[in-house]
Amino acid sequence: MDPEALVQCPYDKAHQIRVSRLPYHLVKCQRNNPQVARSLEVCPFNARHRMPRSELQRHIACCPDQRLLFNSQELSLCTGDQAKQPKVPVAWQAPPCQEDWEAEVDELEEAAPFILNTTVSDLPLEGDSSALVAPPNWRQGVGPAAAAVTTGHLAKGPDKQEQNRSRKVVAQPSSPAVCAWVAGAPLPPPAHLLI
Amino acid sequence: GTGRVTATFREVAQKTLPSHPSEQRQSLQPCHPPPLTEEPGGRGRQRGPQDAPKTLGLQISAGFQELSLADRGGRRRDFHDLGVNTRQAIEHVRESKTGSSGAMIKLIANFFRLTSRPQWALYQYHVDYNPEMEARRLRSGLLFQHEDLIGKTHAFDGSILFLPKRLPNKVTEVYSKTRNGEDVRITITLTNELPPTSPTCLQFYNIIFRRLLKMMNFQQIGRNYYNPKDPVSIPNHRLMVWPGFTSSILQYEESIMLCADVSHKILRSETVLDFMYSLYEQVEERRFRDACAKELIGVIVLTKYNNRTYRVDDIDWDANPQCTFRRADGSEISYIDYYKRQYNQDISDLNQPVLISQYRRKRGNVTVGPVVLIPELCYLTGLTEKMRNDFNMMKDLAVHTRLSPEQRQREIGKLVDCMKKDECVQKELRDWGLSFDSSLLSFTGRVVQAEKILQAGNVFDYNPQFADWSRETRVAPLIHAKPLDNWLLIYTRRNYDAANMLLQNLFKVTPSMGIRMNKATMIEVDDRTEAYLRVLQQSITPDTNIVVCILSSTRKDKYDAIKKYLCTDCPIPSQCVVARTLSKPQTALAIVTKIALQMNCKMGGELWSVEIPLKQLMIVGIDCYHDTLSGKQSIAGFVASLNEKMTRWFSRCVVQSRGQEIVDGLKACLQTALREWFKWNKYLPSRIIVYRDGVGDGQLNTLVNYEVPQFLDCLKTVGKDYNPRLTVIVVKKRVSTRFFAQAGGGLKNPPPGTVVDIEVTRPEWYDFFIVSQAVRNGCVAPTHYNVVYDTSKLKPDHVQRLTYKLCHMYYNWSGVIRVPAPCQYAHKLAFLVGQSIHREPNLLLSDRLYYL
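In order, the protein sequence lines correspond to chains D and E. UniProt numbering applies: residue 1 is where the first sequence begins, and numbers increase by one. UniProt numbering applies: residue 1 is where the second sequence begins, and numbers increase by one.
By construction, these hints were calculated from the structure, which means they are not laboratory data. No experiment lies behind these values; they were computed from the predicted model shown. Quick reminder that beta carbons are idealized off the backbone N, C-alpha and C, glycines included. Treat the hints with care, since some could be wrong.
Here are the simulated BS3-like pairs of lysine-lysine, each with C-alpha atoms no more than 30 Å apart in a straight line [said to hold, decoys possible]:
1. E:LYS632 <-> E:LYS828
2. E:LYS748 <-> E:LYS421
3. D:LYS28 <-> E:LYS716
4. E:LYS395 <-> E:LYS584
5. D:LYS28 <-> E:LYS632
6. D:LYS28 <-> E:LYS733
7. E:LYS106 <-> E:LYS584
Computed footprint of chain D on chain E; a stretch qualifies when at least three of its residues, placed anywhere within it, have a C-beta under 8 Å from a C-beta of chain D [claimed, not checked]:
8. 452-466
9. 609-621
10. 651-662
Model the full assembly from the supplied sequences, consistent with the hints where possible.
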């Protein structure tokens with residue numbers, strides 16, 4: 001697209017913005033129109049596509065930038081074997097680290113980071129609708145219903161930590177811990193970012 | 001009105017172009033709005049009087065910011081990224097953002113402290129004219145008829161007046177007379193009082209400083225100031241170097257300082273017309289226009305009559321200097337007469353075409369049209385690709401431009417000396433109550449420890465002075481060697497020897513690296529692009545590991561075609577080698593070693609690693625490529641680590657519209673990177689650290705509010721309880737900060753690993769500098785890192801050291817580089833795609849460094 005071409009600002013229909021300046025304008029206009037900003041959703045493929053919630057699904061189905069996610073379907077005949085799961089090289093093991101920065105992370109730390117630890121080889125897709133089909137190679141793994149999931153979510157208290165550390169759960173497709181991947185309503189960016 | 005008459009004062013040949021050049025120019029003029037008067041880019045633009053009062057009074061600092069940046073020569077852009085206060089949102093560095101490890105080192109930086117600043121407040125006034133006067137010069141002239149009231153110390157841009165004193169009344173009315181005898185009422189209204197601590201005052205000091213440079217006869221080109229009186233000429237290359245300075249006054253960590261660095265403007269003592277003539281000699285007539293367009297469009301020219309620079313956007317072959325244009329006052333004038341009258345320039349070649357510069361500048365609601373330039377009066381600036389490849393020229397140029405630390409310090413010192421000697425400058429400084437330290441800032445930095453390089457079965461140290469381990473890496477086996485079982489070697493008949501030589505030397509160097517190698521399938525081709533492509537189509541099988549092509553020249557088209565085919569249609573790693581690089585027997589082994597390492601990386605091998613004392617950490621690197629000159633699309637490269645040792649990288653790229661610097665598709669990129677990480681590790685990273693390179697001055701605010709939310713959004717959609725730590729670090733290579741290490745009596749470059757997080761950093765940011773690379777000659781440039789978002793709770797010391805560690809991980813260079821490896825990988829990827837492929841490469845290649 002010609003960078004000089006004008007597009008309409010989603011926050012204020014009266015604004016005609018040059019394509020190349022749109023990101024700068026969106027930041028400004030989003031801040032100036034908090035009302036409108038709350039009602040708009042951002043397209044998962046392209047942050048400049050912003051539209052009312054009701055139009056999002058339809059947009060996602062036909063967004064020209066979808067290929068960002070699905071390019072991987074391009075399977076070329078001449079490289080049949082490379083389409084398989086990656087062979088993770090294990091030959092070399094690094095010597096043990098002399099330092100451990102994790103241990104030094106601020107003592108005021110409330111909760112250790114959450115670690116999702118599963119054996120599923122495929123992860124559900126964003127906005128798992130019929131329009132969005134996962135590339136075939138991700139479907140080769142174990143189905144999500146049979147996935148064994150270990151959550152390593154460490155809570156504040158030491159007793160709770162013990163409890164949670166290696167609890168095995170069987171994830172159901174609707175299990176909230178894993179499958180929130182199916183996009184609910186994405187939240188607006190945290191307020192402190194809008195300086 | 002009377003304003004119009006004087007408004008034409010500094011007009012240049014600037015007009016809206018007729019859309020059909022062959023038709024009568026005159027008849028087409030009326031359909032275009034006449035361009036506004038005044039020089040393009042002239043300081044103190046003529047502000048529409050109606051919009052001036054609105055910005056005033058309400059929000060003073062913002063209003064002044066606009067004044068000083070938009071109205072005073074710059075574009076409406078804040079080059080210093082003021083007001084992006086990211087540190088306050090990062091809780092764990094509010095108290096302290098400094099690291100602790102490493103050895104102390106005494107440093108000097110190119111900064112001068114402001115030792116005194118006005119202790120009085122600055123008073124801001126709005127000035128109105130009745131009847132309305134438009135020309136800024138006229139407005140100033142009329143106002144300063146009342147110097148007894150206003151005083152000698154003032155700053156005025158046409159509507160906003162700054163004085164160091166308060167006028168007796170809030171509203172003052174005075175009367176002036178124009179040259180035509182017309183009476184004008186001038187109303188001076190006090191709108192604001194700025195205390196000496198106000199950040200707005202800082203901007204004001206910059207304006208004063210720029211005025212001082214002007215007083216010392218420095219010429220502003222772009223954002224820097226040059227001294228045309230003291231040029232260095234390099235006659236054998238027809239070059240001229242103007243010495244100059246880049247300067248800025250800002251609030252740094254402890255104090256307000258002036259940062260001054262040496263800058264050089266390279267001019268060619270050749271006009272565009274000369275260049276066209278010499279080109280005419282070289283190419284056939286029918287290709288001449290195309291050749292001109294290819295060589296000239298996009299270059300920056302300097303017009304010596306007003307010392308301004310313009311970019312050539314087009315060549316109008318149908319026009320010539322005898323054509324006329326309509327001036328703002330409605331009169332018709334030819335370019336010849338115009339340049340004669342306005343600048344006393346004679347144009348001798350009456351049949352030359354004219355150059356068009358799309359000078360885009362908004363004046364109120366009118367956009368000024370293109371500027372017409374005469375080739376004979378335009379001097380070429382900068383270096384062409386061809387000149388850059390001319391080793392001797394670059395060597396001769398480097399004598400003048402690449403200054404050693406001591407020379408550089410001396411040059412910077414000259415600026416201060418000049419200021420001291422100049423009585424006018426001293427007076428101006430005294431009047432405003434400003435003074436600077438006369439010696440450079442000195443303080444203490446830290447040199448963090450050198451890293452141990454880990455290879456299979458071998459751990460070694462490198463010489464920290466050179467930050468290079470090419471010798472050591474040759475003998476140790478690689479971390480992960482990919483076998484060359486089945487590979488193609490394609491060459492032309494003429495390069496058979498080179499191909500053979502490559503093959504033989506590969507057999508020599510690969511065993512010690514641990515690379516298993518079979519003899520290549522050798523294929524001879526004709527030296528044509530189609531021949532190469534046909535061979536590729538016929539000979540590549542699913543088992544092919546890599547394709548090596550020996551090329552007979554550096555011609556880009558063949559390389560592009562091969563890369564395009566092998567990165568998109570048939571995704572196979574490929575290595576192109578120009579035959580000439582293999583021609584010197586004495587360097588052959590070293591070069592083949594490098595080629596072998598590069599081939600191994602492209603196939604997914606791993607060379608070395610360093611200790612990374614963090615678990616479940618994913619590093620992301622982003623860089624942009626844009627070639628605005630040739631109007632190509634902008635490419636964002638995105639690279640993410642796949643393992644904890646940072647030896648494997650996943651990559652994506654986003655093709656964006658031309659000239660776009662900010663990335664739209666980061667959410668999808670990060671999502672695929674997380675998915676790929678998951679495939680490799682069977683868990684998701686608990687920390688993500690993003691290094692974002694390629695951010696220009698003034699884009700920080702947009703980056704923080706446009707790109708960071710994309711990452712956060714992405715992480716939110718992964719899983720409800722998935723809440724990894726995110727750190728976003730903006731990497732900047734182009735900074736004017738320079739550090740010198742005090743050694744004995746002299747100055748040296750600081751050693752690799754030097755970290756600075758005090759004095760010259762900014763209080764509102766969580767930022768630091770690292771000197772990571774070693775340079776042989778000239779001054780080393782530190783890299784600036786600005787942590788704009790951070791929930792990692794990592795100690796600043798660890799963030800600094802991690803960053804330095806990552807500068808060791810770029811596999812195309814067995815040494816420490818200027819930026820973290822992911823940034824350099826992202827840059828390489830974006831460059832390859834932007835230059836040769838023009839679309840996203842096949843994702844089957846995405847887990848290796850095929851773009852090296």
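So, going through the hints one by one against the coordinates:
1. At roughly 17 Å between alpha-carbon atoms, LYS632 (chain E) and LYS828 (chain E) fall within 30 Å of each other, so this suggested pair holds.
2. Of the pairs offered as hints, the one joining LYS748 (chain E) and LYS421 (chain E) holds, with about 29 Å between alpha carbons and a cut-off of 30 Å not exceeded.
3. At roughly 23 Å between alpha-carbon atoms, LYS28 (chain D) and LYS716 (chain E) fall within 30 Å of each other, so this suggested pair holds.
4. At most 30 Å may separate the alpha-carbon atoms for a hinted pair to count; LYS395 (chain E) and LYS584 (chain E) meet this at roughly 22 Å.
5. Between the alpha carbons of LYS28 (chain D) and LYS632 (chain E) the distance comes to roughly 27 Å, so the proposed pair stays at or under 30 Å and holds.
6. For the hint pairing LYS28 (chain D) with LYS733 (chain E), the CA-to-CA distance comes to about 27 Å; that is within 30 Å, so the pair holds.
7. Straight-line distance between C-alpha atoms of LYS106 (chain E) and LYS584 (chain E) comes to about 44 Å, which puts the hinted pair past the 30 Å bound.
8. Beta-carbon proximity to chain D at under 8 Å applies to 3 residues in the stretch 452-466 of chain E; the threshold of 3 is reached and the given coverage holds.
9. Figure legend: the stretch 609-621 of chain E, annotated as covered by chain D; annotation consistent (7 residues with Cβ-Cβ distances under 8 Å, at least 3 required).
10. Remark: the stretch 651-662 of chain E is confirmed as covered by chain D, as 7 of its residues place a Cβ nearer than 8 Å to a Cβ of that chain, reaching the required three.
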